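Undergrad: All chains should be built: construct the whole structure from the sequences, respecting the hints.
Sequences listed follow chains P and S, in order.
Read left to right, the first sequence gives residues 0 to 220 (numbering that gives the first Met the number 0).
Read left to right, the second sequence gives residues 0 to 220 (numbering that gives the first Met the number 0).
Just so you know, these hints were derived from the structure itself, not from any lab.
In this text the structure is predicted, and so the values were computed from the model without any measurement.
Heads up, some of the hints might be wrong.
The following residues of chain S were derived to be distant from chain P, with all beta-carbon distances above 12 angstroms [unchecked claim]:
1. Glu22
2. Glu28
3. Asp117
Listed below are several chain S residues computed to face chain P (Cβ distance under 8 angstroms; list not exhaustive) [unchecked claim]:
4. Leu90
5. Ser95
6. Ile96
7. His99
8. Ala114
9. Leu125
10. Ser129
11. Trp137
12. Arg166
13. Pro170
14. Tyr177
15. Thr181
16. Leu188
17. Ala189
18. Pro195
19. Ile196
Beta carbons are placed, not taken as given, at the ideal position from N, Cα and C, and that holds for glycine.
2 protein chains.
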Amino acid sequence: MSETHAPTARTRVVREAHRGVYERTAAYEILDEGFICHVGFVVEGQPFVIPTAYGRSGDNLYIHGSAASRMLRNLDKGVAVCITVTLLDGLVLARSIFNHSMNYRSVVVLGTAVAVLDAKEKLEALRLLSQHILPGRWAESRQPNEKELKQTLVMRLPIEEFSAKVRQGPPIDDEEDYSFPTWAGVIPLAMVPGAPINDPRLDPKTPVPAYAQAYSRKKLG
Amino acid sequence: MSETHAPTARTRVVREAHRGVYERTAAYEILDEGFICHVGFVVEGQPFVIPTAYGRSGDNLYIHGSAASRMLRNLDKGVAVCITVTLLDGLVLARSIFNHSMNYRSVVVLGTAVAVLDAKEKLEALRLLSQHILPGRWAESRQPNEKELKQTLVMRLPIEEFSAKVRQGPPIDDEEDYSFPTWAGVIPLAMVPGAPINDPRLDPKTPVPAYAQAYSRKKLG
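TA: Next comes the structure, spelled out in structure tokens:
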């Protein structure tokens with residue numbers, strides 16, 4: 000079913016290797032559920048980590064931003080980046096402090112991001128980025144004009160070197176701790192959307208569209 | 000009220016400077032509300048970005064992990080790191096694609112993380128890290144023993160060079176777009192906890208403690 004991906008020395012999960020998920024399909028499910036990534040890049044030896052939105056098309060990740068932003072100004076040179084997506088699923092409360100943990104799913108992609116210069120690919124990347132965050136919104140918005148496209152830099156990172164890490168389920172305590180007299184279990188966590196809030200300048204007769212009403216990211220377990 | 004922090008050339012918010020919040024108090028409110036950070040570090044020119052929990056004590060951030068993990072193995076040498084905390088508050092749906100945005104609060108801390116070697120500070124850092132995630136849990140858990148403490152590396156990052164960035168409120172459209180016939184507004188987002196789930200190996204008579212029942216991170220707007 001899923002393509003097996005041979006981890007490189009850099010992406011091999013060093014600790015707790017049983018949590019490593021190298022299959023592309025599993026990693027893409029995580030990437031498709033999330034929509035905020037943390038991009039790492041290096042400027043004169045100093046790492047920077049910046050949150051931003053992303054989209055995926057096949058085996059490529061796309062991020063975008065102002066052509067003048069520090070992050071994309073540097074990525075533009077084709078420097079090494081790390082894009083990490085983390086979905087937090089719960090607090091894991093073990094009997095021992097040491098075995099406390101979190102349930103999560105995360106993907107780390109390493110590589111070199113390059114600027115998308117082709118106008119068609121750039122517009123398509125912006126469309127899928129929008130579609131990824133809120134399906135249906137792109138078609139109902141005022142489309143980007145030439146000036147706006149010029150101000151927007153889109154970067155592509157091929158998903159070649161990557162790893163996924165998943166922890167799910169109840170706490171795992173040391174055998175002798177199971178009799179320790181404390182509650183143990185999981186407090187589930189999920190990113191949950193609230194009811195849409197009208198822009199104060201919106202004509203109040205404007206109905207909230209179905210895609211915004213129905214918006215939900217994940218059901219709580 | 001709040002100490003004014005002079006941004007360095009590296010942490011000055013380059014774009015959209017009106018979103019920059021340099022006051023320590025504001026940054027600490029964000030750090031205290033979140034509990035997952037993304038740590039960036041560099042190995043042979045390649046940036047890595049790894050999610051992990053953190054705690055704050057005064058003007059220091061603490062992270063912890065296995066003494067054998069790749070991340071902390073490298074931090075141990077005292078290399079440069081970037082710790083970023085991002086709280087996502089909503090999708091901002093403007094009339095134009097270009098003005099779509101997100102409501103968020105984020106803090107970026109740059110510096111050099113060092114291993115905490117003092118036994119008392121190390122234990123206290125672990126306690127506040129636990130306390131930060133779930134107040135009340137530390138005292139009800141089996142405390143760390145010598146062997147576990149040896150296996151745990153705690154790193155301290157002084158909060159000296161930092162910046163916060165905040166975007167809140169409705170979309171800001173170009174004036175001529177306000178008549179564009181589409182819905183506009185905000186879909187709030189928040190990390191929401193579900194009902195605690197018992198460990199299957201827990202004695203079902205064990206009551207869920209008040210601190211777990213009452214656990215909540217943030218109210219949706």
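Undergrad: So, for every hint listed, does it hold in this structure?
TA: Hints versus structure:
| no. | hint | verdict |
| --- | --- | --- |
| 1 | Glu22 | holds, 20 angstroms |
| 2 | Glu28 | holds, 17 angstroms |
| 3 | Asp117 | holds, 18 angstroms |
| 4 | Leu90 | holds, 6 angstroms |
| 5 | Ser95 | holds, 4 angstroms |
| 6 | Ile96 | holds, 5 angstroms |
| 7 | His99 | holds, 7 angstroms |
| 8 | Ala114 | violated, 17 angstroms |
| 9 | Leu125 | holds, 7 angstroms |
| 10 | Ser129 | holds, 6 angstroms |
| 11 | Trp137 | holds, 7 angstroms |
| 12 | Arg166 | violated, 11 angstroms |
| 13 | Pro170 | holds, 6 angstroms |
| 14 | Tyr177 | holds, 6 angstroms |
| 15 | Thr181 | holds, 5 angstroms |
| 16 | Leu188 | holds, 5 angstroms |
| 17 | Ala189 | holds, 6 angstroms |
| 18 | Pro195 | holds, 5 angstroms |
| 19 | Ile196 | holds, 5 angstroms |
Of the numbered hints given earlier, the model fails hints 8, 12; all others are met.
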